[in-house]
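A.B. asks: Sequence:
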Amino acid sequence: MPRHQRVVRTAAATRRDRSVTVLAALLLAAMALAAILVGPKAEADQARPLMPLTPTGSSTDVAAPTDGPLYPLAAAATRYRGLAFDTCTAPSRAAMQAWQSSPYQAVGIYLSGRNRACTQPELTAAWVKDVTEMGWKLLPINMGSQAPCRDNKRKVPMKAKTAAATGTAEAAVAVLAAKNLGLLPGTPIYADVEPYDAARTKCVRAVAVYLSAWTRELHRQGYLSGMYGTLGSGLIDATKRYASTTYARPDAVWFARWDRSPSLKGWANIPDNRWSKWQRVKQYRGDHRETHGGVKMLIDSDSVDAPVATVARTYPVTSAATLNARRSPNSSAEAVGAAEPGTEVSVVCQVNGSDEAGSTVWNKLVDGSYVSDAYVGAGARKPVPPCHYPVQVLTSGGAFTRTGPATTEPTAAKLPLGALAWITCTDPAGGWVQLHNGLYMSTKDLAAFSAPLQNC
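Numbering-wise, the sequence shown is residues 1 to 456 according to the working numbering.
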């Protein structure tokens, strides 16, 4: 992905680096918490329905390689399958409107990074809101520090000795940039790692340490980790350490091979069971110009089956009286907020709940409370994602899903190591979660995580 960049930190840092990093992490955590508690009813966070899961040991503030995301109340993950394009500068609203006639439905955006090549006058929270309402999905990219042995010497490199601290710090900066744009937790941020000399062992290790720290910090703040790389260096090296118990593995990958084939399988030296479940993006055509709706742009073309940004959408309250926002998607649950008729609510995702005026659909708001969709405008088919919380499979040989929440239930599909299990709810008895397809998986087979899950 010529023209772009991003950063991280590891447990193998020196004592001095570790103390500096932990202090920075604490400060950034405080800022992140302040950023989250800005919804219309922040009090809902005081008794949030958070489900801590620690199948591989107790989770800590600084995530271990086996830890998944710590999803806060506002989180939800969004999937997209289709074509996308990326370009150096975020296009104008008019251009994005014109390109609705194109085969693309998603766009890569360079939200942060010390090596970001282009200015971004259009890239604001208002732009994100507007293009999301047009129907566009977003793939956030961070163009941070590059490998010490990078091919492009004009790009600012990381230092091998401080690669972990750099990764952590750059991930924190990317998260703040994402939040400023309205990209909610559950959003992936793809670290752009440009080509480097893969024959230089120390350099390869520095990149591994950087990406591991990048992933850990994103997970700690409730975001998904992505990386962009090439078959000659970044992606092939990440594949070699895929099963590592030392380095944290990205949740999704994006690679460039300009063969004009959008296929997301059969990648050279990348087995199909690596990053296999909604975890792949391919840049299949490099710089070229296309015209749609009378607007010409210089773009790269991408094929996507992966997480994309989660953005809240606003809808009017259509009830005749005050609409209660409840702690869970049930009309008998505690009311923790309210919205007046004619005002707007910011919807993150949707879940099923109790029947209210003929609708069992409930909208989760940005403060983690729920309102019945029966009283929210735009109808039940509004373009809002389900409330999903993806977590990687941790079991080395993969893990079976089952038709029910018990080992005595019949097995169904098997998810390989590192695949994303898209979780929707938790079994009330504990120890099992239900996935997007209605099947169940034991939490023992998943990375440790926390998420605002409702009971199934």
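A few of these clues could be false.
DSS-like, lysine-lysine: derived pairs with alpha carbons at most 30 Å apart [what the hints assert, rightly or not]:
no.: 1; residue 1: LYS129; residue 2: LYS159
no.: 2; residue 1: LYS129; residue 2: LYS240
no.: 3; residue 1: LYS240; residue 2: LYS153
no.: 4; residue 1: LYS155; residue 2: LYS414
no.: 5; residue 1: LYS296; residue 2: LYS129
no.: 6; residue 1: LYS159; residue 2: LYS265
no.: 7; residue 1: LYS414; residue 2: LYS444
no.: 8; residue 1: LYS129; residue 2: LYS161
no.: 9; residue 1: LYS382; residue 2: LYS444
no.: 10; residue 1: LYS153; residue 2: LYS129
no.: 11; residue 1: LYS240; residue 2: LYS296
no.: 12; residue 1: LYS414; residue 2: LYS265
no.: 13; residue 1: LYS155; residue 2: LYS240
no.: 14; residue 1: LYS129; residue 2: LYS414
no.: 15; residue 1: LYS155; residue 2: LYS202
Source of the hints: derived by calculation from the structure; they are not laboratory data. On a predicted model such as this, the values are computed, not experimentally measured, just so you know.
A.B. asks: A separate judgement is required for each hint: does it hold in the structure or not?
C.D. replies: Here is what the structure says about each hint:
no. : hint            : in the structure
1   : LYS129 / LYS159 : violated, 37 Å
2   : LYS129 / LYS240 : violated, 39 Å
3   : LYS240 / LYS153 : holds, 26 Å
4   : LYS155 / LYS414 : violated, 42 Å
5   : LYS296 / LYS129 : holds, 23 Å
6   : LYS159 / LYS265 : violated, 34 Å
7   : LYS414 / LYS444 : holds, 15 Å
8   : LYS129 / LYS161 : violated, 40 Å
9   : LYS382 / LYS444 : violated, 35 Å
10  : LYS153 / LYS129 : violated, 36 Å
11  : LYS240 / LYS296 : violated, 40 Å
12  : LYS414 / LYS265 : holds, 18 Å
13  : LYS155 / LYS240 : holds, 25 Å
14  : LYS129 / LYS414 : violated, 38 Å
15  : LYS155 / LYS202 : holds, 19 Å
The structure is inconsistent with the numbered hints 1, 2, 4, 6, 8, 9, 10, 11, 14, although it conforms to all the rest.
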